[in-house]
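Sequence lines, in order, name chains A and B.
FYI, our numbering numbers position 5 of the first sequence as 5, with every residue one higher than the one before it.
FYI, our numbering numbers position 223 of the second sequence as 1223, with every residue one higher than the one before it.
Just so you know, the hints here were simulated from the structure itself, not pulled from any lab data.
These numbers come from a predicted model, not from an experiment.
There could be a bad hint or two in this list.
Stated by the list, open to error - Covered by chain A, according to a simulated footprint, are these stretches of chain B (three or more residues, beta-carbon under 8 Å): (1) 1038-1050; (2) 1093-1104; (3) 1242-1254.
Here a beta-carbon is modelled for each residue, glycine too, at the ideal position from N, C-alpha and C.
Protein chains: 2
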Amino acid sequence: VADTIAVLCGGLGGSRLVHALALAAGPDRVSAIGNVGDDIELLGVHISPDLDTVLYTLAELLDESRGWGVSDESFAALRQVELLGGESWFTLGDRDLGLHLVRTERLRRGEPLSAVTADLARALGVGVRILPATDDRLRTYVETDAGELDFQTWFVRRRHADPVRGVRYEGAEACRPAQGVLEVLLEADTVLLAPSNPFVSIGPILAVPGIRESLEARGRVAAVSPLVGGEAIRGPLAGMMETLGHEPSALGVARLYADFADTFVLDVADAPLAGRIEELGLRPVVCETVMVAPGTRREIGRQVLEGVLG
Amino acid sequence: VADTIAVLCGGLGGSRLVHALALAAGPDRVSAIGNVGDDIELLGVHISPDLDTVLYTLAELLDESRGWGVSDESFAALRQVELLGGESWFTLGDRDLGLHLVRTERLRRGEPLSAVTADLARALGVGVRILPATDDRLRTYVETDAGELDFQTWFVRRRHADPVRGVRYEGAEACRPAQGVLEVLLEADTVLLAPSNPFVSIGPILAVPGIRESLEARGRVAAVSPLVGGEAIRGPLAGMMETLGHEPSALGVARLYADFADTFVLDVADAPLAGRIEELGLRPVVCETVMVAPGTRREIGRQVLEGVLG
């Protein structure tokens, strides 16, 4: 296939699809448009957890068992921070911190996140183009019974234990798509929504004015279900679907995307839902989607591409 | 002795005298007023090398063989910074970085360096009061044949290979002594100038308006020679004395302080210079001063105190 693919993605699940597609189609044919709604400034450093998970996964540096950060990591700086009374609830490894320091210094000099991300990808030997959805400030907040929480306070600090009553993308209306994003969405042969959380990973990307509109205006938009057998591979999506009033299944996710997607990829485990998905006006593609083991990714990337481009 | 002692000090040599005095007299009777002229912002973090050397020495965390940083240090963050093209010429260990992150975040919130330093000392179990000479911005620049260089560029990046033609304390005239500094200098029974570099360690402290004046106004000011047999224990002082037009010896240093000190401590190796020092109007105290080995410090602290308080 000589097609180009743009992927809207969050962290772990998204990065695995991007990795799978890069292995199947070649990295130069894949662009990833990443979520920045869960970016956070801590200890004076700017952390972009989702972009970094994509970077680390593609560079084959990710600690696959933890699902975040780099492998062979040490935590000496954080232990010292803790000893000295600094904020230490967000686990930052030493190698990871090195990347944050480089990024933060360049952002502070006024460089856009997209330019810094491109350079980090190059330095790590990553051939996929990785674009933040926006270079502007966009932050995801979650409404809970304990009040509104910023994403990382809810997700990491409180271990996503608070049921989610709503999600808000602060600053989204004033954001512009990062340089290159609309061009990629216009020119890619296919746009894929990764198997990422629709509310806190894909949602913040779609909230950037111009992105959702460009998907609505084009065809060949496919989504990959982040729920398999009603469960997320990792993370709190199933519970969020319920508390936000949606069916916690691939079908429930398909409904969220039905107004601008035309194809929906669901796992073989959910094959019985294909008919219901077709009734939504989406073409169902049933294939393997569980890409936890890196060794499975090339073949799953091939199956997804074949099904979607089919 | 129930006397209280204030020490003006730079990094390594100064920290060893402070440590020696703390061991001999008890940490609660010693205050250290530290140099901030070689502070530097790198990778977005505020580094106070001299204050940190004092902190680490007193906490018995210093890597005594390197003479900077903490022992059992790792450098994973810096290696990543280097890989990613960030500034890596200033060696920052992971544990050290943890401290810089905590300090930088608090400075950025508007807290004064003196308050942050006091809290870091408390967290590290250091009983000596450590005060930066000023909470304001003061930076040492060195005039060389290659032009004027900021201190760390000259000292670390170019390994103090450039002969020093002059020294300038940028911002000094607008600085105020940090909260507590003038009070300590007024109330201490004795003020000691540590065996630190007079130009780039003690000089920036004396350049803060009010500090030199308060030494001139009081008696019982003693200096400890940083040169032993015409050589510094470590660092470029001997060469600087020559290029700046001073005799590279304990006598040359004594001349620099003769207008406001009344006592001068010189090493037993320099005992023959005692008479010449007396001619400057300084009372010479001859004792052991080489405190490289931590095990020697209590006894040398005792000898210095006995000689100075004598």
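These are the hints, each one checked on the structure:
| no. | hint | verdict |
| --- | --- | --- |
| 1 | 1038-1050 | holds (count 3) |
| 2 | 1093-1104 | holds (count 10) |
| 3 | 1242-1254 | violated (count 0) |
Comparing the model with each numbered hint stated earlier shows that hint 3 is the single one that does not hold.
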